[in-house]
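For the record, the sequence lines run as chains S and H.
Numbering that gives the first Met the number 0 puts the first residue of the first sequence at 0, with every later residue one more than the last.
Numbering that gives the first Met the number 0 puts the first residue of the second sequence at 0, with every later residue one more than the last.
Possibly wrong hints are sitting among the right ones.
Covered stretches of chain H, as calculated for chain S (at least 3 residues, CB under 8 angstroms) [as the list claims (entries may be wrong)]:
hint, stretch
1, 20 to 34
2, 167 to 173
3, 198 to 205
With a Cα cut of at most 25 angstroms, we get these calculated DMTMM-like pairs of lysine to aspartate or glutamate [what the hints assert, rightly or not]:
hint, chain 1, residue 1, chain 2, residue 2
4, S, 58, S, 113
5, S, 58, S, 117
6, S, 98, S, 86
7, S, 26, H, 201
8, S, 52, S, 117
9, S, 58, H, 204
10, S, 58, H, 188
11, S, 98, S, 117
12, S, 26, H, 188
13, S, 26, H, 204
14, S, 58, S, 69
15, S, 26, H, 105
16, S, 58, H, 92
17, S, 52, H, 92
18, S, 52, S, 137
19, S, 52, S, 86
20, S, 44, S, 75
21, S, 58, H, 201
22, S, 52, H, 105
23, S, 58, S, 75
24, S, 58, S, 107
25, S, 44, S, 107
26, S, 44, S, 78
27, S, 58, S, 86
28, S, 44, S, 137
29, S, 26, H, 140
30, S, 52, H, 204
31, S, 52, H, 201
I should point out that these hints are in silico values taken from the structure, not numbers from a laboratory.
Don't be surprised by glycine CBs; every beta carbon is placed ideally from N, CA and C.
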Amino acid sequence: MNRSTIDLWVGVFVAAGLAALLFLALKVGNLASFSTSQAYQVYAKFANIGGLKVRAPIKSAGVVVGRVADIRFDNESYEAIVAMNLDAAYQFPRDTTAKILTSGLLGEQYVGLEAGGDGVMLKSGDRLRLTQSAVVLENLISQFLFSKAAEGKDAPKDAAK
Amino acid sequence: MILGNLVAALRARLEALGGTVTSAVWRLGFAARFLAYLVMHSGTAFRRFRLTTAEIYFAGVLSLIIILVSGLFVGMVLALQGYTTLQRYGAAESLGVLVALSLVRELGPVVAGLLFASRAGSAITAEIGLMKTTEQLSAMEMMAVDPIARVVAPRFWGGVISMPLLAALFSAMGVFGGYLIGVQLIGVDAGAFWSQMQAAVDLREDILNGVIKSVVFGIAVTWISVFEGYDAPPTAEGVSRATTRTVVTSSLAILALDFILTALMFTGGNGK
Chain S
0 MNRSTIDLWV GVFVAAGLAA LLFLALKVGN LASFSTSQAY QVYAKFANIG
50 GLKVRAPIKS AGVVVGRVAD IRFDNESYEA IVAMNLDAAY QFPRDTTAKI
100 LTSGLLGEQY VGLEAGGDGV MLKSGDRLRL TQSAVVLENL ISQFLFSKAA
150 EGKDAPKDAA K
Chain H
0 MILGNLVAAL RARLEALGGT VTSAVWRLGF AARFLAYLVM HSGTAFRRFR
50 LTTAEIYFAG VLSLIIILVS GLFVGMVLAL QGYTTLQRYG AAESLGVLVA
100 LSLVRELGPV VAGLLFASRA GSAITAEIGL MKTTEQLSAM EMMAVDPIAR
150 VVAPRFWGGV ISMPLLAALF SAMGVFGGYL IGVQLIGVDA GAFWSQMQAA
200 VDLREDILNG VIKSVVFGIA VTWISVFEGY DAPPTAEGVS RATTRTVVTS
250 SLAILALDFI LTALMFTGGN GK
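All chains should be modelled from the sequences, with the hints used to inform the complete structure.
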C-alpha cells in the first residue's frame with residue numbers, strides 16, 4: 000500500500016466521520032429546527048405546572064411557536080414562574096392566555112397560547128397575566144367524587160318532598 | 000504447634016493478598032506514568048503526522064466495514080424490537096426517538112468501543128508486543144530513537160482520533176438502519192419518524208455527551224492497548240496473554256466508564 004492511497008483512505012474516513020457527526024447534529028438532533036437567536040422571552044406565573052419540563056414546546060393553534068426556557072419557583076407568591084422563548088416571527092397580543100395542556104391522554108405537557116384582542120403586542124420581558132394551571136388528575140377525581148357524594152345526599156331529600 | 004502452623008498459613012495468605020494489591024497498584028502507577036510520558040513525548044507523532052496517518056488508516060479505515068455493518072444491523076434490530084413494544088401502546092411514531100436516543104446516548108459509543116477494542120486494540124497490543132519480543136524496540140533505543148515517541152505515540156493518537164469518528168459513523172448508520180426497517184419496511188410515517196426524533200434529541204444533552212463518551216472510550220481503549228503491548232513479557236505466551244488482557248480489560252473499562260459517565264451526564268442536576 001503506497002502512501003498516497005493511505006492518505007486518500009484516511010481522508011475519506013475522516014470526512015465520512017465528520018459527515019456522520021453533521022448528520023447526527025442536523026438530521027437527528029434539533030440544531031436547525033429552532034434557533035433561539037431571533038427569539039423574545041416572556042414570563043407567566045402558574046399555580047401548578049404539573050409535569051412541564053424545560054424545553055417543552057409552546058404551541059398556539061397547534062403550531063410550535065417557542066420552547067420553555069426556564070422554570071423557577073417564586074418565593075413570594077408561591078407560584079411557578081415559567082420563562083418562555085417565543086420565535087420572533089410570531090407576535091402575540093398583550094392579553095394572550097397561557098394554559099398548560101397535555102398532548103393526548105399520556106403525552107407530554109406543553110404550554111398552549113390563546114391570542115387575545117389587545118392591540119399592543121407582547122415584547123421581551125413581559126409577563127402573561129392570564130394563565131391556567133395544569134390539570135392534576137387527583138384533584139379532578141376528588142372533585143368528581145365530592146360532587147357525586149353531594150348528589151347522593153340531595154336525591155333522597157328530593158324524593159321525600 | 001498447631002497454632003504456630005495456623006499463624007504461618009494465615010501470614011502466607013495475607014502476604015499473598017498484600018502482594019497482589021501492591022503489584023496491582025504499582026502496575027496502575029506504571030500505566031499512569033507511561034501515559035504521562037507518552038503524552039509529553041507526542042511531538043514526533045504530530046510533527047511527522049504521516050506516522051499517525053498510517054495508524055489512523057490501520058485503526059480507523061480498516062475497522063470501517065465491521066463498524067458500518069454492525070451499526071446497520073443494530074439499528075435494524077432496534078427498530079424491529081422497538082416497534083413490537085411501541086405499537087402495543089399505540090406509540091409506533093416514537094420509533095425514531097427510541098432508535099436515535101439509544102444509539103446516540105449508549106449503543107453508538109459503547110458497541111463501537113467494544114468492536115474497536117477487539118478489532119484494533121488487540122492488533123495494537125500484538126504489534127507492539129511482538130516488536131518488543133523481536134527486540135526492535137531495544138534496537139531503536141540503541142540508535143537513540145525513543146520507541147515510545149516513534150512507535151507508541153502515533154498508535155495512541157491514531158486510535159484516539161479514530162474512535163469518535165467510528166462511533167459517529169456507527170450511530171449514523173444505526174439511525175439509517177432504523178429508518179430502513181421502521182419507515183421503508185414496517186411503514187411508520189416518515190414525517191413523524193424524523194420530526195419526533197428531532198424534537199426529542201438535543202444537540203448538547205444527547206449528541207455532545209455521546210461524542211464525549213466516545214472520546215473517553217477511545218483514550219481508555221488505546222491507552223490499555225499500547226500499555227499492555229509495551230508491558231508484555233517478551234515471549235510468545237506473554238504477547239498472547241497481553242492481547243487477551245487488552246480485550247478483557249478494555250471491555251470492562253468501557254462498561255465501567257459508561258456507567259460512571261451516564262450517571263454524571265444524564266442523572267445530574269435535579270433529576271431531570
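Okay, the hints, checked on the actual structure:
1. 20 to 34: Coverage by chain S is violated for the stretch 20 to 34 of chain H (0 residues, Cβ < 8 angstroms).
2. 167 to 173: Coverage by chain S holds here, the residue count being 5 at a Cβ distance below 8 angstroms.
3. 198 to 205: Our answer is that it holds, as 5 residues pass the Cβ test (under 8 angstroms) against chain S, meeting three.
4. S/58 / S/113: Holds - the C-alpha atoms of residue 113 of chain S and residue 58 of chain S are around 9 angstroms apart, at most 25 angstroms.
5. S/58 / S/117: 19 angstroms, holds
6. S/98 / S/86: Roughly 18 angstroms between the alpha carbons, so the hint for residue 98 of chain S and residue 86 of chain S holds.
7. S/26 / H/201: Within the cut-off at roughly 11 angstroms; holds.
8. S/52 / S/117: 29 angstroms, violated
9. S/58 / H/204: 23 angstroms, holds
10. S/58 / H/188: 22 angstroms, holds
11. S/98 / S/117: Judged against 25 angstroms, a Cα distance of about 18 angstroms means the pair holds.
12. S/26 / H/188: Judged against 25 angstroms, a Cα distance of about 16 angstroms means the pair holds.
13. S/26 / H/204: 16 angstroms, holds
14. S/58 / S/69: Between residue 58 of chain S and residue 69 of chain S the Cα gap is close to 16 angstroms, so the pair holds against 25 angstroms.
15. S/26 / H/105: Satisfied, since the Cα-Cα distance of roughly 18 angstroms is no more than 25 angstroms.
16. S/58 / H/92: 20 angstroms, holds
17. S/52 / H/92: With Cα atoms ~21 angstroms apart, residue 52 of chain S and residue 92 of chain H stay inside 25 angstroms; holds.
18. S/52 / S/137: Since the Cα atoms of residue 52 of chain S and residue 137 of chain S sit roughly 20 angstroms apart, the hinted pair holds (cutoff 25 angstroms).
19. S/52 / S/86: With Cα atoms ~18 angstroms apart, residue 52 of chain S and residue 86 of chain S stay inside 25 angstroms; holds.
20. S/44 / S/75: Holds, because 12 angstroms separates the two Cα atoms, which is no more than 25 angstroms.
21. S/58 / H/201: At roughly 19 angstroms apart (the allowed maximum being 25 angstroms), residue 201 of chain H and residue 58 of chain S satisfy the hint.
22. S/52 / H/105: Distance ~23 angstroms between residue 52 of chain S and residue 105 of chain H Cα, so the pair holds.
23. S/58 / S/75: 29 angstroms, violated
24. S/58 / S/107: 13 angstroms, holds
25. S/44 / S/107: 20 angstroms, holds
26. S/44 / S/78: Distance of about 6 angstroms is within 25 angstroms: holds.
27. S/58 / S/86: Since the Cα atoms of residue 58 of chain S and residue 86 of chain S sit roughly 11 angstroms apart, the hinted pair holds (cutoff 25 angstroms).
28. S/44 / S/137: 22 angstroms, holds
29. S/26 / H/140: 51 angstroms, violated
30. S/52 / H/204: With Cα atoms ~14 angstroms apart, residue 52 of chain S and residue 204 of chain H stay inside 25 angstroms; holds.
31. S/52 / H/201: 14 angstroms, holds
The structure does not agree with the numbered hints 1, 8, 23 and 29 stated previously, though it agrees with the rest.
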